[in-house]
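J.: Start from chain E and add chain L according to the hints.
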Amino acid sequence: MSRRPAHHRLPEGGCIDRSRPVRFSFNGRQMTGYAGDTLASALLANGVDVIARSFKYRRPRGFFGSGLEDPLAMLAVRDAYGYDAAIRAAQVPLADGMAVHANTGWPLSSFDVGGLIRPFARFIKAGFYYKTFMWPNWRWFEPLIRRTTGFGRIDAIAAVRPAERVHASCDVLVIGGGTAGMAAAHALINSGHEVVLADDRPRLGGALAWTDADIDGRTADAWLHDRSAAIADADNIHLLSSTVVTGAYEGNVFTMLQYVHANDGVVLQRHWKLRVGKVILATGSVERPLVFPGNDRPGIMLASAMSRYIREFAVIPATRVCVFTNNDAGYDAAFTASRAGIDVACVIDTRDVPPVRLQSALEAEGISQMTGSEIIHTHGSTRLSGITVRARSGGAARRIDCDGLALAGGVSPLVHLAAHRGIKPVYDPDVAAFVPGAWPENWTGAGDVQTPMTPDQAAASGVAAASQVLGKKQDVADAVPNPFNIEAYWRPPTGDAGMMFVDLQNDVTVADIELAAREGYVSVEHLKRYTTLGMGTDQGRTSNINGLAIMAGLSGRDITEVGTTTFRPPYTAVPMGAVAANRTGPLYRAARYLPAHDIHDAAGAVFEDVGWLRPDWYRQNGKGREAAVLKEMAAARHAVGLFDGSPLGKIEVAGPDARAFLDLFYVSNIMTLKPGRIRYSLMLHVDGVIFDDGVVTCIDDTLFVVGCSSGNADAVAAWLERWHQTEWPSMQVAVAPVTSNWASIAVAGPRARDVLAALNPDVDISSTAFPHMSFREGAIGGMMSRVSRVSFTGELQYEINVPAAQGDALLERLMEIAAPMGGCLVGLEAWLRLRLEKGYLHVGADTNGRTTPLDLGMGGIIDKKPGDFIGRRSLSLAYAVSADREQLVGIKCTAAPLRAGGRILAGDDTRPPCRSEGYVTSACFSPSLGFHVGLALLENGSERMGETVRIYDDGDIIKAEVCRPGAYDPDNERLMA
Amino acid sequence: MNTLDAAGMMLDLTQIESCAVDGYAHVLIVSAVDGTEAAAALNETCTITVPTEPGTVCDEAPYIAFWLSPRSWLLRVEQDGEAAMLAAIRKGFPDRRVHVTPYSDALHWFELSGPGSAALLARGGFVTLSVDGLAVGCMKRTLIADVPVLIWRQAQADWSLAVERSRAGYMAGWFANARSYRLSPED
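So the protein sequences, as listed, match chains E and L.
Counting in my numbering, the first sequence runs from 110 upward without gaps.
Counting in my numbering, the second sequence runs from 67 upward without gaps.
Just chain E, with the same shape it has in the complex (with noise of 0.2 Å):
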């Protein structure tokens, strides 16, 4: 048997420039190819057969596909711009200067020590992990496999490729290039409408590259170069080629991936939205390959993929070939290549009798066949060098030497972006095909992607439904059933299961498909995960099919009943990097400043990302967090402490019935509620469960400020309206959220009272004047003001609230004011643990998705409201006044620090795993109190004051009493000051 010659590449012909000669290295060894060339043509050009290594039998694979259905070709590329672990080769245009590395194989994936696995491969079907490495634990396994698995390389050298992110919209997309695509773009120029025309290729074209056709009575080359200078030429046609789509969502919008190249790689990635009008899908088909024991070898790939390289490559993919088919397209892949002068040693066609024109063909160019017959066994190590055929009727076993064998087991449409819309293809056994039964609105679809076409039929079928999407009625022939006269065959009755491939990715074979069904998992989805079948990298493109078609045989059952996946979002891989493209570092996600965000930049701040950048502690209040932290919280107990509390949420609810409305939305009474006072309280979802709490203020009978959390600002607006639009419209409210247009400081501390007369304000601040939970509006420091004086520290406090442009003045302007007196900027953190120990709640941290208000204590407040309001029912439910319920309580230890999250254990457990009767929600040491103090929610917890709870904490045991929230001031005197 003779390997392949020493050049791979005919002497003349394809779509390559020889003019302009490309070099770049595989494994580190230099090699050329031409402009034009994908990276798969160029290293099978350079003679290279093995690129990878099985995934779990570390079996030699080479080159099966030549486009995105190649299951195997997962190579890392670094170009002039950046790196990919894993991309596929015949998806890669060639590039100057390019470095390629084989993922598999050690040392090389020609000579992997890895493979001396393989006579074990038996002892490692379906389920091994699963059912082998649990025991005794799965731990001590995993780095081992993982090292051994995988598809990537991780290159420690960063490089991140440039990407983009760009929004479109147009009348009509048309997705693929080839003839149908092309036929309907074309038939679209100049109609009115804007239309993308996008195709994963470099070049338009399609299957017509290495096709022999005859189009509207001229030769393909021919209808080619026209049909693609006039769509270059035409207005209204956008050509966005290297442009794969990836997915279709909801109101016809979709992602594409499209690359821009350069001579030294891809210059760019752009990730597009689109939102389109009308969809023409013509996507095509892949081919399929045949199921037969040892179909995996090096040199044999799919007949299409054969032709392509020959004919658009000008590569010698072998130097003598078999083709091995069940339909006329395979014929297309000896032709091609005995014209190309490669010796064709035999076409072995399943089919008894295939058509006589066939046969002719095949005696003219002195190629022979064997009909009725199929291969049962393939010889070679690294490379195929011969294959085993015998009649499928039985009798005598031939073999063949060949270095290349060609697969044609019919084609599969691509269906998979209208399935992104919920379309379930359906199986059509005229072609032995899942097709689409349907379109989703406004879709149609062209060419093979709907039934197997002839260019011809193709083209024709392209213009038909440019003619549906302008309205306009076309005859169209009927297509031609089974134009290549399939025959379905799914697998030789007998052989070695075990070396029958069905996914090449995963080494999925037919024995792993057998013990699936044997141990129940008939189901495709079943079958899907068991085995894996169809789960890598290329989605099962040349596998499902053949998988859950041995699966139907399996299980007596037709195809169509096994059915197929759910095909789900992107189409085929998407960088991550395209995906983020420049949302990386400042720009991650959309940061929100506050108003006088540079003061507290200035001021040392170390901002903690909340949803706003908010100061977490300052640096000149400390070295180090804790010491900042502590130094803050005595400014604000002794003196006075400034907290930004800028994102709290304002919202002016107003109109005649704004405190009818409002009144329906809170626990509390807000009937009750006088002009210039504020009143805290809940507000619930309909389960009676907490969705956020704040205050209400009221300015007047007809304009009130709701004051709520600041990570609910917006849901609670939309809250607002969502009820007063759809269950109570006919009550005059307006509301507007007017977060963001104030800026409010808090002022904290026994000395807030003294920095605010320094602001000279015209209203009076005397505690008898302005008491706790009222409201003024006026002119302080010379802004106008809105002033409240709430608390959420426990000491006397005021909140500025000033336009938002004048908040940096304002903060200044305190800063001097309070320094004096011993008072400096307060952190969150700080902010928390003063509400802490005065025991407020802090919802979200003190509360979860189950915690009501009577959790709280707020039973009675509840009774006393006359009216009804949101939530009110379901707290009379019998599981809302259960005794077993969670209640917020205080814990107190002097012993051991308490943390967040730690499990208070039941009864008289001392040690987990036992019940857990509730947990600490928020803790910290008090300075005030001299103890650490926290809130719990603990079952029945209201009953249980005093008694001594254990707390496990990250292993250790802590004792803690449960009380009342609050120890600091319990009277209230320093609040009421």
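Taking lysine-lysine and the DSBU-like style, the derived pairs with C-alpha atoms no more than 30 Å apart in a straight line are:
hint, chain 1, residue 1, chain 2, residue 2
1, E, LYS581, E, LYS382
2, E, LYS1001, E, LYS732
3, E, LYS382, L, LYS206
4, E, LYS581, E, LYS533
5, L, LYS157, E, LYS783
6, E, LYS1001, E, LYS740
Just so you know, the hints here were simulated from the structure itself, not pulled from any lab data.
T.: Chain L alone, transformed into the frame defined by chain E:
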């Protein structure tokens, strides 16, 4: 320029100007009653015309009124006219059936102009929510770079964008980054 050209092909992004808008004040009007009724009442009581068609802008000196929702509008007035506008509406609607509140500090405005401005915006979101696009003189509320914006197309390549003040810093950084790409002529 059609929407696909705007999406970024062969455009020179260096010609874009972005700047803050000074000299104006804004007030937010929210109606407690049906929007059409409120619009009529505003016209009758205060001689203020606000648009009632979604996405439209009413440019009637000395103010510009933007449609925000069926029951809310943003009014741009001269800075020294803010107090008078607030007072007029409050006086006209003492029961706050039509509520007005200061909004000058809530928003930060950017102005973009130049042939590449649409391309810049297309990097951040759908400038057009339908194939009909955003016509000159119209506005819409959408997301650009995941930030809620009010976008007003003043001319073919002139845009005003209003974002919440707290998000202006991020938006400015995003504009600067998006402008940093220089596409090759082949692109």
